[in-house]
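Asker: Using the sequences and the hints, build the whole thing.
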Amino acid sequence: MMSISYDEFKRLDIRVGVVLKAESIAGKSRIMKALVDIGNEKRELIVGGAEYYRPEEMVGRKVIVLANLEPKSIAGVRSHGMLLAADVDGKPYWLTVDGDVPAGSKVR
Numbered sequence: 001m002m003s004i005s006y007d008e009f010k011r012l013d014i015r016v017g018v019v020l021k022a023e024s025i026a027g028k029s030r031i032m033k034a035l036v037d038i039g040n041e042k043r044e045l046i047v048g049g050a051e052y053y054r055p056e057e058m059v060g061r062k063v064i065v066l067a068n069l070e071p072k073s074i075a076g077v078r079s080h081g082m083l084l085a086a087d088v089d090g091k092p093y094w095l096t097v098d099g100d101v102p103a104g105s106k107v108r
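First residue of the sequence shown? That's 1 in this note's numbering, and the numbers climb one at a time after it.
I should point out that these hints are in silico values taken from the structure, not numbers from a laboratory.
Computed from a predicted structure; not experimentally measured.
Certain hints may be false.
[Claimed, not checked] Restricting the straight-line Cα-Cα distance to at most 25 Å, the calculated cross-link-like pairs of lysine-lysine (PhoX-like) are:
(1) Lys21 x Lys33
(2) Lys21 x Lys106
(3) Lys42 x Lys10
(4) Lys10 x Lys91
(5) Lys28 x Lys91
(6) Lys62 x Lys72
(7) Lys33 x Lys72
(8) Lys72 x Lys91
(9) Lys72 x Lys42
(10) Lys72 x Lys28
(11) Lys42 x Lys28
(12) Lys106 x Lys42
(13) Lys106 x Lys62
(14) Lys91 x Lys21
(15) Lys21 x Lys72
(16) Lys28 x Lys106
(17) Lys10 x Lys28
Answerer: Take a look at the structure:
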């Protein structure tokens, strides 16, 4: 496993988000589009795991978002961040928080 310095870790902008909207992408069975509230703004993200989760199962879910990932076009849609997940045999299990933690709260 490669190590990073504490200063490198501090550069990551990891926040609590809430999925406001999610929808399938025509012709894509493994990804979906989601609108996520990260406190100070709403971001459109491309999310994997569509073969395991329906879009309506994502709405309202508290998630952990890497907010300062460089934007990338996926399936013709610009993704502005990444949902963090644990991977078990290829299935994502979305990371979340306990309790009433507001969108935009920083993860440290």
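Asker: Does each hint fit the structure? Answer for all of them.
Answerer: A quick look at each hint next to the structure:
no.: 1; hint: Lys21 x Lys33; in the structure: holds (8 Å)
no.: 2; hint: Lys21 x Lys106; in the structure: holds (22 Å)
no.: 3; hint: Lys42 x Lys10; in the structure: holds (22 Å)
no.: 4; hint: Lys10 x Lys91; in the structure: violated (28 Å)
no.: 5; hint: Lys28 x Lys91; in the structure: holds (17 Å)
no.: 6; hint: Lys62 x Lys72; in the structure: holds (23 Å)
no.: 7; hint: Lys33 x Lys72; in the structure: holds (13 Å)
no.: 8; hint: Lys72 x Lys91; in the structure: holds (22 Å)
no.: 9; hint: Lys72 x Lys42; in the structure: holds (16 Å)
no.: 10; hint: Lys72 x Lys28; in the structure: holds (17 Å)
no.: 11; hint: Lys42 x Lys28; in the structure: holds (23 Å)
no.: 12; hint: Lys106 x Lys42; in the structure: holds (15 Å)
no.: 13; hint: Lys106 x Lys62; in the structure: holds (13 Å)
no.: 14; hint: Lys91 x Lys21; in the structure: holds (21 Å)
no.: 15; hint: Lys21 x Lys72; in the structure: holds (20 Å)
no.: 16; hint: Lys28 x Lys106; in the structure: violated (32 Å)
no.: 17; hint: Lys10 x Lys28; in the structure: violated (35 Å)
Of the numbered hints given earlier, the model fails hints 4, 16 and 17; all others are met.
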